[in-house]
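Peer 1: Assemble the complex: chain A is given as a structure, and chain B must be docked to it using the hints.
The residues making up each chain are set out below.
2 protein chains.
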Amino acid sequence: MNDDAKLKSIRQRIDEIDSQLQALINERAEAAQEVARIKLSANPEAEFYRPEREAEVLRKVKARNQGPLESEEVARLFREIMSACLALEKPLNVAFLGPDGTFTQAAALKQFGHSVRTHSLNSIGDIFRDVEAGACQYGVVPVENSTEGVISHTLDSFLNSPLLISGEVTLRINHQLLSKEKELAAIQKVYSHAQSLAQCRGWLDRHLPNAERIAVNSNAEATGLAAQQSGCAAIAGDAAGEIYQLNQLASNIEDEPGNTTRFLVIGKQDVAASGRDKTTILFSTHNKAGGLHEMLSPFAEHGISMTRIESRPSRRGRWDYVFFIDVEGHKDDHNLSQALKKIEQSATQFRVLGSYPKAVL
Amino acid sequence: MNDDAKLKSIRQRIDEIDSQLQALINERAEAAQEVARIKLSANPEAEFYRPEREAEVLRKVKARNQGPLESEEVARLFREIMSACLALEKPLNVAFLGPDGTFTQAAALKQFGHSVRTHSLNSIGDIFRDVEAGACQYGVVPVENSTEGVISHTLDSFLNSPLLISGEVTLRINHQLLSKEKELAAIQKVYSHAQSLAQCRGWLDRHLPNAERIAVNSNAEATGLAAQQSGCAAIAGDAAGEIYQLNQLASNIEDEPGNTTRFLVIGKQDVAASGRDKTTILFSTHNKAGGLHEMLSPFAEHGISMTRIESRPSRRGRWDYVFFIDVEGHKDDHNLSQALKKIEQSATQFRVLGSYPKAVL
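If you read the sequences in order, they're chains A and B.
Note that UniProt numbering has the first sequence beginning at 1, numbered continuously upward.
Note that UniProt numbering has the second sequence beginning at 1, numbered continuously upward.
Any given hint could turn out to be false.
[As the list claims (entries may be wrong)] Quick list of simulated restraints, FRET-style, between CB atoms:
| hint | chain 1 | residue 1 | chain 2 | residue 2 | range |
| --- | --- | --- | --- | --- | --- |
| 1 | A | Pro44 | B | Ser71 | 23 to 33 Å |
| 2 | A | Glu221 | B | Ser71 | 42 to 52 Å |
| 3 | B | Gln248 | A | Arg351 | 28 to 38 Å |
| 4 | B | Asn247 | A | Ser161 | 12 to 22 Å |
Treat the hints as calculated values from the structure; they're not laboratory data.
Quick reminder that beta carbons are idealized off the backbone N, C-alpha and C, glycines included.
The following block holds chain A by itself, in its conformation from the complex (with noise of 0.2 Å):
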């Protein structure tokens, strides 16, 4: 066969294997809408969105991956395929920190899909009260970044709240390496925070061994330097550098993928146990030295893994604290449900704010 003759019989496989893509996709769609009419007929009122059920399903997709797609990607795809299945028996509307564009609207897409409606609203409060009056069914809230810290005004809503989370999502931000010139060879300097140089070291020492590495105070300074000056480069995010028009000459350059901004997904479902979850309890306590340790230890005494531990004032009193924490597994769970009722008991204000699954992508 000459090679326009292989591509025709190529296509022609692409086409059947689309033609049976389709036909499964809306198989898969009518088997959810079967599942809507079981769940109708025995409660009116019932939830078709089942967040452990979704991260059950991507974790099989991502664990039974051959390739050549890569797993992450295969389980975007399948994202957005039970986005759209789920549309079909009722569209979502979830609240996000707008404008539009931004890293917490992007979480929101990951988290449900592209079938949902996304409104941006303009603070975490009007995210929470929207959920609560229940104009959109979930809000996405950022609550951690990796290099800046904790988003105290998110933990803070929760204390006048009664919402609950409902799912965690991790957006990964990336490393690029930036400059005017046109080729790694021309590379003599390469500005950026310290923290940046630090977390793309291994890269640095294979591809630009000979370069001079200096940290400045911010990557979007090394951005403008390295907009000025040629023979260099900065590591900075996807943003920067478009604002200076500068080429992108190596992208994702960090060694490990540490760099992360997580957000919650809060709303009014509790969710069931997907096999891997997490945790979240607000607890207070008598303000006594040793207090928290003592509080802490039923965790330890089953086995229980702390993940995460922030304290914040609770605003009652000029020594008085909160405590939000993250452990593994789900509420309903043996070993966690017999420690978190221990802790109920010493505390002076306790809430489970909610048990669910681990991010999966």
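Peer 2: Frame of chain A; chain B shown alone:
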């Protein structure tokens, strides 16, 4: 079977479907890799993105769709699948008129799917320069809004650029009924721009026959009024209601899908015929009465439909104009190619800006 057993059995079926879907998606990616290998062996500079082939695939998807998913929704999923397969070969860089979150970004993602890298630039001129320089393979620029008319800066840019048009994207701008009220029954007045009121007349006649319709200067003003008064609603776009936190009492209420913005995809690629194409030409003629009519007669002689004509000052003389004309068909079609030859002979300036598939989605 009780409900739980039924749900369990359907979920098992969904898992089986997912497993088959995943295998097929990866098989499709393998086939795309094979196409790439064949093309590369013939030409190391081969283009993998083939707009005419994608248009053809999407048209087939829409034509054979049996539901329950809407044709548009399934086509959107296929766009994402093709986008993922293409990114495996060679990630596309696409420049768009920023900032992030604009309609132009939405148009770029609608055309290329979410596996491309989009780059937000500050002006239409920057996009032309970036694509000319090869920093991005494609650019997406707005060219026409059905309510605001033509975006002349985009047309003017073609006068000084060798770039071609390789595609068009249309985005529909929908009308929503927004109000402080929660029930349609509470609405006594509807504010909007006269044009929007006219575009939703049929819907208003059916659903709010007794409500007073009040024309105001803009839909933004209408939304502001509806936010202040009880018993009132505004007709406006999606974004307007979010600012004022109004309830969306009804969505997409326009009688005809008329309100669209049109974007062009610019690049260096000469796109082959897809079977349903458009061709855009640029030309100028001698400044004499009847010149234009005479110039265009070959289109009529060869049975070519003109879909649009725009004139712009050529900047070379006081009464010198350049014309941008869209016609149906591909420049390699026999009839169109004959007509273009004749027109070229009598023009003082003539260029085919591109033949490209009509927007599918």
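Peer 1: Please go over all the hints and tell whether each is borne out by the structure.
Peer 2: Verification of the supplied hints:
Taken as a hint, the range 23 to 33 Å holds for the pair Pro44(A) and Ser71(B), whose Cβ atoms sit roughly 30 Å apart. Taking 42 to 52 Å as the suggested C-beta distance range, the pair Glu221(A) and Ser71(B) conforms, at roughly 50 Å. The given range of 28 to 38 Å is respected by Gln248(B) and Arg351(A), whose C-beta atoms sit roughly 32 Å from each other. Distance hint check for Asn247(B) and Ser161(A): the Cβ-Cβ separation is about 21 Å, which falls inside the suggested range of 12 to 22 Å.
Violated hints are absent here; each numbered hint is respected by the structure.
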